[in-house]
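8 protein chains.
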Amino acid sequence: MTTPYVRLDKENAAVLLVDHQAGLLSLVRDIDPDKFKNNVLALADLSKYFDLPTILTTSFEDGPNGPLLPELKEIFPESPFIPRPGQINAWDNEDFVKAVKATGRKQLIIAGVVTEVCVAFPALSAIAEGYEVFVVTDASGTFNEVTRHSAWERMSAAGAHLMTWFGVAAELHRDWRNDVEGLGTLFSNHIPDYRNLINSYTTVQAAKTD
Amino acid sequence: MTTPYVRLDKENAAVLLVDHQAGLLSLVRDIDPDKFKNNVLALADLSKYFDLPTILTTSFEDGPNGPLLPELKEIFPESPFIPRPGQINAWDNEDFVKAVKATGRKQLIIAGVVTEVCVAFPALSAIAEGYEVFVVTDASGTFNEVTRHSAWERMSAAGAHLMTWFGVAAELHRDWRNDVEGLGTLFSNHIPDYRNLINSYTTVQAAKTD
Amino acid sequence: MTTPYVRLDKENAAVLLVDHQAGLLSLVRDIDPDKFKNNVLALADLSKYFDLPTILTTSFEDGPNGPLLPELKEIFPESPFIPRPGQINAWDNEDFVKAVKATGRKQLIIAGVVTEVCVAFPALSAIAEGYEVFVVTDASGTFNEVTRHSAWERMSAAGAHLMTWFGVAAELHRDWRNDVEGLGTLFSNHIPDYRNLINSYTTVQAAKTD
Amino acid sequence: MTTPYVRLDKENAAVLLVDHQAGLLSLVRDIDPDKFKNNVLALADLSKYFDLPTILTTSFEDGPNGPLLPELKEIFPESPFIPRPGQINAWDNEDFVKAVKATGRKQLIIAGVVTEVCVAFPALSAIAEGYEVFVVTDASGTFNEVTRHSAWERMSAAGAHLMTWFGVAAELHRDWRNDVEGLGTLFSNHIPDYRNLINSYTTVQAAKTD
Amino acid sequence: MTTPYVRLDKENAAVLLVDHQAGLLSLVRDIDPDKFKNNVLALADLSKYFDLPTILTTSFEDGPNGPLLPELKEIFPESPFIPRPGQINAWDNEDFVKAVKATGRKQLIIAGVVTEVCVAFPALSAIAEGYEVFVVTDASGTFNEVTRHSAWERMSAAGAHLMTWFGVAAELHRDWRNDVEGLGTLFSNHIPDYRNLINSYTTVQAAKTD
Amino acid sequence: MTTPYVRLDKENAAVLLVDHQAGLLSLVRDIDPDKFKNNVLALADLSKYFDLPTILTTSFEDGPNGPLLPELKEIFPESPFIPRPGQINAWDNEDFVKAVKATGRKQLIIAGVVTEVCVAFPALSAIAEGYEVFVVTDASGTFNEVTRHSAWERMSAAGAHLMTWFGVAAELHRDWRNDVEGLGTLFSNHIPDYRNLINSYTTVQAAKTD
Amino acid sequence: MTTPYVRLDKENAAVLLVDHQAGLLSLVRDIDPDKFKNNVLALADLSKYFDLPTILTTSFEDGPNGPLLPELKEIFPESPFIPRPGQINAWDNEDFVKAVKATGRKQLIIAGVVTEVCVAFPALSAIAEGYEVFVVTDASGTFNEVTRHSAWERMSAAGAHLMTWFGVAAELHRDWRNDVEGLGTLFSNHIPDYRNLINSYTTVQAAKTD
Amino acid sequence: MTTPYVRLDKENAAVLLVDHQAGLLSLVRDIDPDKFKNNVLALADLSKYFDLPTILTTSFEDGPNGPLLPELKEIFPESPFIPRPGQINAWDNEDFVKAVKATGRKQLIIAGVVTEVCVAFPALSAIAEGYEVFVVTDASGTFNEVTRHSAWERMSAAGAHLMTWFGVAAELHRDWRNDVEGLGTLFSNHIPDYRNLINSYTTVQAAKTD
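Residue numbers (UniProt numbering), protein chains in the order written: chain A, 1 to 210; chain B, 1 to 210; chain C, 1 to 210; chain D, 1 to 210; chain E, 1 to 210; chain F, 1 to 210; chain G, 1 to 210; chain H, 1 to 210.
Don't read these hints as lab results, they were simulated from the structure. Just so it is clear, the structure is predicted and the values come from calculations on it, not from any experiment. Be aware that one or more of the hints could be misleading.
Here are the simulated DSSO-like cross-link-like pairs (lysine-lysine), alpha carbons at most 27 Å apart as the crow flies [said to hold, decoys possible]:
hint	chain 1	residue 1	chain 2	residue 2
1	H	K73	F	K35
2	F	K48	A	K35
3	F	K101	F	K10
4	H	K101	F	K35
5	G	K48	C	K35
6	F	K48	H	K35
7	E	K73	E	K98
8	E	K35	C	K35
9	B	K35	A	K35
10	F	K48	F	K73
11	F	K106	F	K48
12	C	K10	C	K106
13	H	K35	G	K35
14	G	K35	E	K35
15	C	K73	C	K98
16	D	K35	G	K48
17	C	K48	C	K98
18	D	K35	D	K10
19	D	K101	D	K10
20	C	K35	E	K48
21	H	K101	H	K73
Start from the sequences and build out the full structure, keeping to the hints where you can.
Laid out in structure tokens, this is it:
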């Protein structure tokens, strides 16, 4: 097996959110903006829900790249936030790597903008240092499908695990019985189809008890 | 001119939301669920914002079609709500038509699920009775692009105006100076790209006053 | 209004199925074969369900064009079946036109293969003779999207109503109360998403009575 | 009816092939080159087959626009060929209009490169002078789908009939019995799926006589 | 070779159908519902045809996820059916693994909803325990193409064989002479194009004997 | 004819560029940014080349909508530039309408961002006042294809002519002999394929004179 | 390197054409029929041109699968032709393997219909026996993109080289100087864009010598 | 790891531009011409910016393949330029390989037309000789997506790193502080969205100092 199964473990995983900034988001054209924003917030919410150590970083927040998505700042008011003074690869920033090491986690869940740079560079660096890297492909955006597929191929060839936020949540949770309502709420808040299922179900259930 | 310019007027327009029900939404496959839900709520919010008379109707809410989107009920707690006992074309329901007539409005903004039935039938009936009909295409959903384009063609050929929620809001508002913040908030809440522009702008503006 | 609303009426409508033959179906590439077959059979089933006069015709059934879909023969064993000896436009065949006139109906619902020839030619001829023509776009197939859109545009410009089988069924039925189970069964047999809604609903309902 | 049915008549139709030149063909990106070349040659072959008066014209054949497709010259060695000295709209060239008038035909079948200029301009001019114009959309090419749809919409709104080569052939032929083998060969030479049907059919037929 | 050829063997293969439930199916948007339902039933039918041990499992069948597709229950009335009380990865359920082991088979053919969770998790777990895993990609569905490709890449990198139902059937059957009619019927029931070929062929054959 | 042929005349046409602002451009997602920017500049260059009166207008240039594309300011340093204080429909701004009337032109070529608002509103208003309106569809951008097609349909139904920049240039120029080099340069600067044709041609020509 | 560079060598390569039959071609829907037929014939022509040993095989040619493409029989009248009596994997047929071995070649260029069965099975078998396998992806067709990508992934993971006919021709030829006209003719016959380049070039060249 | 992370180093990288010729560019149909030209020039500009040794090569520049893009000649007037007399694989040309070796670089950044031949062949040859190869996928073009994906798969399987020009620039630059203005200008010249961000930002900044 090229890349054997490594299972996400909520006691051993950390989340790295790289450069989800208002200006850079206008560069993202491989995923529709409504869906992309939802995916990024879903990843943030699941990180909060599973209480994973989360590290935020930005590049030139006070320039044209624009500020970090305000929603992310609100969700992670206490998390390490590393505005990089210039390093393009977040892994070249000592404070960032220190913050990662401080978590003590060996499984890194990474998402960012744009995929082939802000995600791929730290992902490849972390793999080279022995971390297991899980790229959240649908919370990472880039210019178009050519740049996306090239980035995915490069990361996958180096041993990164390609996942999406829903799979990450499911793999971390393991068993619905750990908390049916919590996971259900997470899904309901970010998957309209799922919310519809629940609405339909609870309506019939409610009628039943009448 | 086949269909001359008729300009939406907030003193003369009403909104009809037809069958946005949890079950029926699973039939919608011509627009992505994240985007579609956003469009429907954007239309609801703009109707509220412009204080337009709004009429809600459903088909068999207590059967497999499922309940009306709860968000719509919350936004319009006082609006006429007509659960139809069986009429497929809402215009065949006397209460519905009475509610429309009670608004005194002559411009009807219609959206619903599915486009070729729940939207097209009342739209065509209303045109036949002399109303000006504005179909909100992006808040109306259906099975696929073939059904969508057939429905658009039929309605357009009968004289319906095809619009989208953003155009409806802009045409109703006329001038930003009527309320910059209100319209800006509406757009910011439903267009991630627009919110990013505002976030970037206000960040630089804030820095400027430091 | 270019093409005013004409409402399908089950007492005044007939169905014309033109050249749905095994060989010709291999020419259809604008709709996926699974979906296309389903749409054609859905149209046939609705015609049966509403007891509409239905006329079948083929072109060179014993040559490379192949036999009529056997399912259609089974559904309409008693319907007029006109194998045309050579006329490309079915309306050029006297027997076919006689069969149409014999129905006494003035609303013609037409579908066939391929759209720009076998559907468009009789549709245009019928309009020219004063019939109201309703083209079932999703039960009509052709080579690609260019041929399809050109055909739709030509027919629509001449006054044809573009519809799909689901809209036809809904417009004919008018009111669910006429027969909830019958229409529900029709939809359930041809719309997997709808069947899922019913399955989910009845499961919860059944549990409720336990 | 906006554009009533006008039926192509092989005694009253002429074909205009405008600027199918080697260089200009590299601008065509709305149809795949294999398919586009096939469509153009199919239109040429059908024109030959039905013995329609055909007029060829080019724009700056000895400059970067390149020579007329050699196949067209071979198929129509005797047809009027008008290399225009500069007029972009072929209808502005007196020799071209003279050649059209000399045919005595009132139905003009037009195709060319690029759709919104070389096809649309003479098509609109001819309509304005009272001709019935049939645009062969799949033998006309342009830069992309935006340019194509804009051109189709402009021509259709002015009364042009949008058709494709297969429909043109079928409408001109009227009845297979006029010449089964001739039309079958035309289709077999330009529709691989049709050729396959014939090959399969004749193979079984041949086996049958063994 | 990363993943050497392992050939499916009907004496050594078992089929695992994971969470094809009415509610969850509304989440599937990477394959059209008509086609997806057909693929799932084709896989079920081939499993029955080759008499493969088949295991069914569901997640919260009495909640919003909805009941197992009734057709699957009808096809496999005697097969092990494991409704999981909460485990997301079916492989975490002891009864499920026991049922797998009880088959004595070492080749596992897996399909389910959604691909990146209900299929990928047990597939990766089974590979890790030494099974050969064959994922039936077209009988597995998920939210969109991003989630699908990420899941495929993760499974393929771990050594899973990506196949589709038609390839599975062909690889298991080995030689048409084992049963021409049986395999032909399977294909005819689930591939409209194939059924058309057979209809055309038998029609000519029949004529031949007249 | 619904919309008869009206031919662009360089003595009677004016160009209106509406809201091509840096911020608003990030909302445009129905055309790729490289291509869209090229189309807008091509329209500007052709307006300059044909010496057409050109009017620029913006909405809130000093807010989040951002400044007018600097390239447009450079190309039209002397043209009327109307920053609107709040009117969404440019035609509601008296200065803008005055500037239009001051040109004395009756043919208005309009492009802008976004199509269904900034283009459609003044286009519809101008038609209502008797102008001939030519919408440059490929120099106008919007959120997605649903918003685009709805806007096109509404404008076309009201009598607007849908064109693209290449067609506008060709229709204004009429005859290459008016200025071969000038038009060739315009095309070469904005159509890479055309520039390649010229490069290849001139290379061989140059070799020929050696 | 997972799959190191192996360079096609015209002294060591053979071509296997598997099941390009008239009936089976109607199953191919992942490539347009015009393009697919062209690709298959291009591969046949290049095999002829480079004088590669070529082996043809079919499955049930006298049943619904239909006869081999007649063009292939004409191009390879003397080549081994193995109509398989039932084996689905051609490699299971002893005559076929004997014919392969008789060529003495170790590089096998394979194409066929459908990709995941008729191509993948013998490709995987040949790799397992030590051959270098080059799959010609664009001369191999299947039902849809899901089946195609699954098949590509399976073959690539097993060590197959994915190529297309143009690359195969170029790699075999090595140097244009071996025969400029021959290779040019091959490309010109199967790539319309290339033929246009040559036509434009030779036209200017010819003018030069005048 | 199949292909471990190798980081581009501006002291160790060279750029190879293969066959970006005017004629061959008309064969490129997997990327839009506006975007493709921009990508090629962006790669050239970044090579210049980072002062990387750059080698240009062409195939039959004085024949139908056409001349090298003039812009490339202008950007690299002093770079080695190797017009190949016939070798299809540039690596078969001794002068080309000598030029590569003369750079002393071990990381080769390659782009060209068409991807599966002019890029893939030298890329595979260079890998076989121990170079690290970085393919710039978006500055390499080919006939269609089938040829592209096959070429990517073959190169990736052999150990090539798939990148795009933006990622190459970012990886070479390492840290914005090395030269903010230089890299910003490069991006601004080739990414309209990025230029818009800068324009919006500097406008507000400028206003701030008023």
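Here is what the structure says about each hint:
no. : hint           : verdict
1   : K73/H / K35/F  : holds, 24 Å
2   : K48/F / K35/A  : violated, 41 Å
3   : K101/F / K10/F : holds, 16 Å
4   : K101/H / K35/F : violated, 38 Å
5   : K48/G / K35/C  : violated, 41 Å
6   : K48/F / K35/H  : holds, 25 Å
7   : K73/E / K98/E  : holds, 20 Å
8   : K35/E / K35/C  : holds, 7 Å
9   : K35/B / K35/A  : holds, 7 Å
10  : K48/F / K73/F  : holds, 12 Å
11  : K106/F / K48/F : holds, 18 Å
12  : K10/C / K106/C : holds, 11 Å
13  : K35/H / K35/G  : holds, 25 Å
14  : K35/G / K35/E  : holds, 25 Å
15  : K73/C / K98/C  : holds, 20 Å
16  : K35/D / K48/G  : holds, 25 Å
17  : K48/C / K98/C  : holds, 21 Å
18  : K35/D / K10/D  : holds, 26 Å
19  : K101/D / K10/D : holds, 16 Å
20  : K35/C / K48/E  : holds, 25 Å
21  : K101/H / K73/H : holds, 22 Å
Taken one by one, the earlier hints fail for this structure at numbers 2, 4, 5, listed in ascending order.
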